[in-house]
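Going line by line, the protein sequences match chains A and B. Quick note on the numbering used here: the first sequence kicks off at -2 and runs consecutively. Quick note on the numbering used here: the second sequence kicks off at -2 and runs consecutively.
If you're looking for bench data, these hints aren't it; they were derived computationally from the structure. Errors might be hidden in some of the hints.
Remember, identical chains collapse to one label, so a pair may be satisfied in a single copy or spanning two.
Below, in silico cross-link-like pairs of lysine to aspartate or glutamate (EDC-like), each with a Cα-Cα straight-line distance of 20 Å or less [said to hold, decoys possible]:
1. Lys120 / Glu140
2. Lys370 / Asp343
3. Lys233 / Asp313
4. Lys24 / Asp238
5. Lys43 / Asp12
6. Lys280 / Glu256
7. Lys193 / Glu251
8. Lys120 / Asp299
9. Lys332 / Glu117
10. Lys187 / Asp347
11. Lys43 / Glu53
12. Lys233 / Asp322
13. Lys120 / Asp343
14. Lys413 / Asp14
15. Lys120 / Asp28
Keep in mind the model is a prediction, meaning the values are calculated, not measured.
Number of protein chains: 2
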Amino acid sequence: MARLVMKFGGTSVADIDRIRNVAQHVKREVDAGHQVAVVVSAMSGKTNELVRWCAELSPLYDPQEYDAVVASGEQVTAGLLAIALQTVEVTARSWQGWQLPIGTSNAHGSARILDINGDEIVKGFEDRGEVAVIAGFQGIHTETGRLTTLGRGGSDTSAVAIAAAIKADRCDIYTDVDGVYTTDPRVVGKAQRMDKIAFEEMLELASLGAKVMQVRSIELAMVHNVRVFVRSSFDKPEDIDPHGTPPGTLICDETEIMEQQVVTGIAFSKDEAQISIRRVQDKPGVAAAIFGPLAESNINVDMIVQNVSADGATTDLTFTVPAADYQRANDVLTKSKSQIGYDRIDGATDVAKVSVIGIGMRSHAGVAAQAFKALAERGINIRAITTSEIKFSLLIESAYTELAVRTLHSLYGLDKA
Amino acid sequence: MARLVMKFGGTSVADIDRIRNVAQHVKREVDAGHQVAVVVSAMSGKTNELVRWCAELSPLYDPQEYDAVVASGEQVTAGLLAIALQTVEVTARSWQGWQLPIGTSNAHGSARILDINGDEIVKGFEDRGEVAVIAGFQGIHTETGRLTTLGRGGSDTSAVAIAAAIKADRCDIYTDVDGVYTTDPRVVGKAQRMDKIAFEEMLELASLGAKVMQVRSIELAMVHNVRVFVRSSFDKPEDIDPHGTPPGTLICDETEIMEQQVVTGIAFSKDEAQISIRRVQDKPGVAAAIFGPLAESNINVDMIVQNVSADGATTDLTFTVPAADYQRANDVLTKSKSQIGYDRIDGATDVAKVSVIGIGMRSHAGVAAQAFKALAERGINIRAITTSEIKFSLLIESAYTELAVRTLHSLYGLDKA
């Protein structure tokens, strides 16, 4: 017997038939003798509808009321799934965030989970053999007694946090892909599904554009060491052997991964823009003069490259921002020209960031050097480089993205046999 | 300054534009200096959609889960109206049943309100000048912590109960008609809107087919002496003088009505069927033998007429049931024929019940006799008669319904000048 959390997103519960299908997935695990807590999102489209209504009434809606409105979507799905489970003779009941409760911060619309009381869930398991169907995405700020929501993709975070609270053996994330791949299979036909990936690697992959899970939920899983299994919700429940090993990717502590590869995945993002500030005065405080105004304007600066000054007086400074913020960043910097002191701004929006991720890099030297060589052989120019312990990222011309990803995927031995 | 409850039904909050319109109604009262609690239903159609989903999953759905699903509709409207109010600079917040709380019985799907804590509403009025926007129709069973709903039309009951809890001066029911009429204006063109009607009279009118308000909510208003004002939600908010007397009908204690008319209204219902059991044995226990099985089959028996036996051994017994239950009632009685002991059953579904209501009847003799005479003059045959202190009902052939209603409406001086 294991204790499981099963999470189903909006497309998996989009209509009554799919909710019935989810019930079969749950029943399979219950029949195999497991204790199960299910976390559900709103039926797909519902959250958007509710958000649109709030925005129609006021672009500056009260986030407390927004949360009261939007949290209703998950409430509906939880109740419906409980009914669907009872219909197939699985004992089940729904739980809303405030009923457990799932205590959160007061940051309405993007609240953080502070504390989950899992006692009632476990009591349901042990006293009544009952499946807990929990509304994801929502919680309560206990001091004010008001509903909160966790922000987009919050149901993943709910699922992981509940798994931590009830000490689940595993948190299964049912999604529209059957696992985490070494890179985007649409770009590299030879991309492979990984059986396992370490939390740190998944975190880098997720931040860098792989859209399988929310970054927040992976951080949470890492901190609480919750084993997360990403699998497909489109597999037919009756085709799955509950005692076998279903297709999917386990996100876990690196110690669980016997043979760690040097490189586990390649991520990329085309939504990047490059800004180079030419002949900036090379003196203390100039970085603050540049990045301060950008931060105030809520522009997320990513790769920053500053060369050592050649003339001792001025230097060039290059960084990237999301492509959507490119014009705004230019405006901010132009306005601050006199305070910063620079010659001119160059920029480009036809750039892409390619990242190579692998925990094994920590103990292997020269991993990045191999990449520089392989890309140079293909005539791909590298505009900027940043590195961390377990990844490095390269800024290149975006036309070369697919070529670069394929080249690196082969180079590090990730191609499917 | 007065303290008001304003209740808006599903059609009044059917879309974002109508919710904005409701906000203007509320703002008008707030600007006039009143303390306001608003009770809202779900957007029209939403509750039906949620109910349908539950029923699709299982005709025998768990009523606890049904309540969790269905209560979400009012939650959405309450949050949206709070946003709409803030947009027009009215301080407001939403309250769900469990937040106040509104404590109810455990009868999921048709729970009774047991206790409302109005402290937070009043605190909002007095400390923050805040409008309370309360989700109608829902509550919480505090022992189990589960959501409950009050059954169809429950928002009227919520509104009256909240008015009682916060000692409101008046409970305004905004609906699609502009008040209570002496009879159905579609049948009698000369029907008049009443300025005032006593609780007891309204109770009779509501039970007898006038669909303005739920019977339960009027009972509650009578017990707690909550003055209820029925008015139209289609009046333009800007056309209403908050200090004037708007069109509508006040339902109140009879002592508030200076000059009580003998008859205040005529109600009628065509959804009736008549059953006559011929030559029933006239002995103790026979009524139980007839009505026991009907009650067990959940068939609501209304008018019962039993003549004094002529031969001392058998008698005829006539009663009415809802037309929809006619066949079922016949089947039940046929099955019990040997236990009951009777000759045969006659029946008719082409019958209608016409009722004349008025508190003044208590002190006026001969009111019913006038009706018998007037109907006889029109050739309308009376099949059965029942009377109570403040009303009498006549069973007639349904083809004569409109004629009878118009005749009685004129007879008792209710025609508009």
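Hints broken by the structure, by number, lowest first?
2, 3, 6, 8, 9, 10, 12, 13 and 14
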